[in-house]
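Chemist: Chain A is already provided as a structure; the job is to place chain R on it using the hints.
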Amino acid sequence: MASIALQDLAHSYFADPKSESDFALKEVNHTWADGHAYALLGPSGCGKTTLLNIMSGLLQPTRGRILFDDVDVTTASTAERNIAQVFQFPVVYDTMTVGENLAFPLRNRRKDVQYVSDRVDQVAQMIGLEEHLHRKSRGLTADLKQKISLGRGVVREDVNAVLFDEPLTVIDPHLKWELRTQLKALHREFGHTMIYVTHDQTEALTFAEKVVVMHEGRVVQIGTPRELFETPAHVFVGYFIGSPGMNFLPIGLEGNQAIIHGEKIDLAQDYGNPDGEIVLGVRPEFARLTKDKGLPIRINRIQDAGRRKFVNANLFGTQINIVVDAGVEIEADMTNVAFDPRNISIFRNDWRIEGRATGTGAEGWS
Amino acid sequence: MQRSTNQRAWFLVLPVLVLVAFSSVIPMMTVVNYSFQDSFGGNEFFWVGLEWYRELLRSERLWDALGRQLLFSSIILLIEIPLGILVALCMPKKGWLASLCLVLMALPLLIPYNVVGTIWQVFGRADIGLLGRSLSDLGISFNYAQNAFDAWAIVVVMDVWHWTSLVALLAYAGLRSIPVAYYQAARIDQASRWSVFRFIELPKMRGVLIIAVLLRFMDSFMIYTEPFVLTGGGPGNATTFLSIDLVKMALGQFDLGPAAAFSLMYFLAILLISYVFYTVMISSDKAEPQS
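So the sequence lines, in the order shown, correspond to chains A and R.
Residues 29 to 394, numbered by the numbering used here, are exactly what the first sequence covers, in order.
Residues 104 to 394, numbered by the numbering used here, are exactly what the second sequence covers, in order.
The set of hints was computed from the structure by calculation and includes no laboratory data.
The structure displayed is predicted, hence computed values, not measured ones.
Using N, Cα and C, we set each Cβ at its ideal position, and we do this for glycine too.
Among the hints, erroneous ones may be present.
Cβ-Cβ distance ranges computed for the label pairs, FRET-style [stated by the list, open to error]: (1) R:W297 - A:D146: 24 to 34 Å; (2) R:A201 - A:R93: 30 to 40 Å; (3) R:G310 - A:R135: 43 to 53 Å; (4) A:D146 - R:I178: 46 to 56 Å.
If the Cβ cut is set under 8 Å, some of the chain R residues that face chain A in the computed set are [claimed, not checked]: (5) S280; (6) P282; (7) A284; (8) Q287; (9) D292; (10) A294; (11) F302.
Below 30 Å or equal to it, Euclidean Cα-Cα: the simulated DSS-like pairs (lysine-lysine) are [said to hold, decoys possible]: (12) A:K204 - A:K337; (13) A:K164 - R:K307; (14) R:K197 - A:K46; (15) A:K319 - A:K337; (16) A:K54 - R:K307; (17) A:K292 - A:K337; (18) A:K292 - A:K321; (19) A:K164 - A:K204; (20) A:K292 - A:K319; (21) A:K321 - A:K337; (22) A:K46 - A:K139; (23) R:K197 - A:K54; (24) A:K204 - R:K196; (25) R:K196 - A:K46; (26) R:K197 - A:K139.
So here's chain A without its partners, still in its complex pose:
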């Protein structure tokens, strides 16, 4: 086991990258602490898999270094790095039995026969494969095959990290929960560093202690699920985390007030008067329909999702979403929207900025 440090890591699939847009991975500086469970979250094509393949040694980065416990392994082979990786598409060795599949990584490393069989039994029991151990792997269902892949990933005790590349994509939804729970159990039991790549925020937020959000080849924020939700560091995080995502309004800033179409919105902090493109972000959960307070809106539609209602409305030509608890009645004269000042984020040129606390602005909300 080791902590894994990425220093100025960048990768391009072109032999001779010229501009920044040629890079699939722009520049990544990050250290994965030993024994933690991380999720690497981002939309398809943002460089997640590239980053994973660089860490496991399947790809050589164009620039930068990778350190395992301060040892440079940038040019080391996959075998030398001692990393396990589970792929999106289940990989099983068809002609072997399930047990032989699990034993394969250990046998290739010439482990003691008794140890191999003990370890295979232990892992098979953890992920619920014990009754299949002596079956041929050919013709198994996708979820059993992926369980075998997961098992081969965690069967080696001494791996530096286990990397998962969207491992549940091909699994039926009702089995996803089960497998994800087993993964968490495996993490608790074996204490491997786990890095889990996904584009599914629910998967990322439920699996990981810390979520690394990637966008267009860059890490835009690293934080706990709560931090990502409450204080997104970049407009992309606000948009990508949460369902529906954050509402964004182009505004002007004057101290602790945001100006939009001549109307003022009170803020909890004093931001001064910064230049650049200023955007106000507020989550639908922190917006509220009111009768007279706040800004005037025109409601487009209301979707009742049982526990909550989703309101879509027009605010000065911008579409915004508001989440209303099922217990709250929406009345005909609720034509205004108010935002919770403590949960308003201000972004300057896409990145979050912090102001000075003023202690005002919170009143009148709850």
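Modeler: Same frame as chain A, but now just chain R:
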């Protein structure tokens, strides 16, 4: 639901039935007809029953030809299948070099059979052929027209030259269809090159290899043109395979009755062996658990 019987659909099948009748059933029935009769020319036929079949089954000539044929097919399969796989493994995976390889590999398959025979006939001649002359200059006596072993050697080498690319192309297609994740997983699992071949590539090529073995077996079992042009079945009867023998009987000696019986047994033998082979291959596939 009311279901009415309507037999008019048969009219739509009729053209196919007529076509098949004229293209295969009727010609084949004339062969069946010949095999039960004797003819002394003048279009006069005498019923002999199963006499030709009995005579053929007792004749050493047929059994010798069959033995040579089986030996030839076995040698061909034993060389061409592993060699084809090896070639496929060594071929470049992408880029213009891969395309070039594919074109070059396909070339022997595009040459007419009798031209292949002629090429090797000239190539192997001890007096003027590049191969034969080089060998004799090296002090190796090589004469496929007189030495049975040399004749076998050149026929086998010719067939390997002609058909290994087919196996290689099939195997190459099989290899290309393996998702890259398998190779990545093997690297993560620290599998040796041999393990990658044994546990990933070979199982994934299984389907195309079954087809390759079947095609090569049937084709080599029916081989006629190339050895006929190259050795004419000689020296003696050393390279007289079944179909060469059959043509000698039917057209050389004009023994229509025995030749007809011969071709029917030949046909049944190919059908039987291919069927058994196919069934065994497929059932071994099914024997493994499915879910």
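Chemist: Each hint: holds or not?
Modeler: Right, here's what the structure says about each hint:
W297 (chain R) and D146 (chain A) have their C-beta atoms about 27 Å apart, which keeps the hinted 24 to 34 Å range intact. Take A201 (chain R) and R93 (chain A): their Cβ atoms lie about 34 Å apart, and the range 30 to 40 Å holds. In this structure, G310 (chain R) and R135 (chain A) break the distance hint of 43 to 53 Å, their C-beta atoms being roughly 27 Å apart. D146 (chain A) and I178 (chain R) have their C-beta atoms about 49 Å apart, which keeps the hinted 46 to 56 Å range intact.
Interface restraint check: S280 (chain R) against chain A, minimum CB-CB distance 13 Å, threshold 8 Å, status violated. About 6 Å separates the beta-carbon of P282 (chain R) from the nearest beta-carbon of chain A, less than 8 Å, and the hint is met. A cut of 8 Å between beta carbons decides the hint on A284 (chain R): the least distance to chain A is about 4 Å, and the hint holds. At its closest, the beta carbon of Q287 (chain R) sits 5 Å from a beta carbon of chain A; the interface hint therefore holds under the 8 Å criterion.
Annotation: interface hint on D292 (chain R) holds; nearest CB of chain A at approximately 4 Å, less than 8 Å. The interface hint given for A294 (chain R) is met, as the beta carbon of that residue sits about 6 Å from the closest beta carbon of chain A, less than 8 Å. At a threshold of 8 Å, the smallest CB-CB gap from F302 (chain R) to chain A is about 4 Å, leaving the interface hint in force. Annotation: proposed proximity of K204 (chain A) to K337 (chain A) holds, straight-line Cα distance about 27 Å (limit 30 Å).
Simply put, K164 (chain A) and K307 (chain R) have alpha-carbon atoms about 15 Å apart, close enough for the 30 Å limit, and the pair holds. As the CA atoms of K197 (chain R) and K46 (chain A) are separated by approximately 24 Å, the hinted pair is consistent with the 30 Å bound. Between K319 (chain A) and K337 (chain A), the direct Cα distance comes to roughly 18 Å. Compliance with the 30 Å bound is thereby established for this hinted pair. Using a Cα cut-off of 30 Å, the hinted pair K54 (chain A) and K307 (chain R) is violated, with the two alpha carbons roughly 37 Å apart.
Taking the CA atoms of K292 (chain A) and K337 (chain A), the gap is about 27 Å. The hint holds against a cut of 30 Å. Restraint check for K292 (chain A) and K321 (chain A): satisfied, since their Cα atoms lie roughly 11 Å apart, inside the 30 Å limit. At roughly 24 Å between alpha-carbon atoms, K164 (chain A) and K204 (chain A) fall within 30 Å of each other, so this suggested pair holds. The straight-line distance between the Cα atoms of K292 (chain A) and K319 (chain A) is roughly 17 Å, inside the 30 Å bound, and the hint therefore holds.
Under the criterion of a C-alpha separation no larger than 30 Å, the hint pairing K321 (chain A) with K337 (chain A) is consistent with the structure, at around 21 Å. For the given pair, K46 (chain A) sits about 47 Å from K139 (chain A) by alpha-carbon distance, which is inconsistent with the 30 Å threshold. A threshold of 30 Å between alpha carbons decides the hint, and for K197 (chain R) with K54 (chain A) the separation of about 27 Å falls inside it, so the pair holds. A C-alpha spacing of about 36 Å is found between K204 (chain A) and K196 (chain R), which places the hinted pair above 30 Å, so the restraint is violated.
Taken as a hint, the K196 (chain R) and K46 (chain A) pair is honoured in the structure, with Cα atoms around 27 Å apart against an allowance of 30 Å. A distance of roughly 37 Å separates the Cα atoms of K197 (chain R) and K139 (chain A); the hinted pair therefore is violated under the 30 Å criterion.
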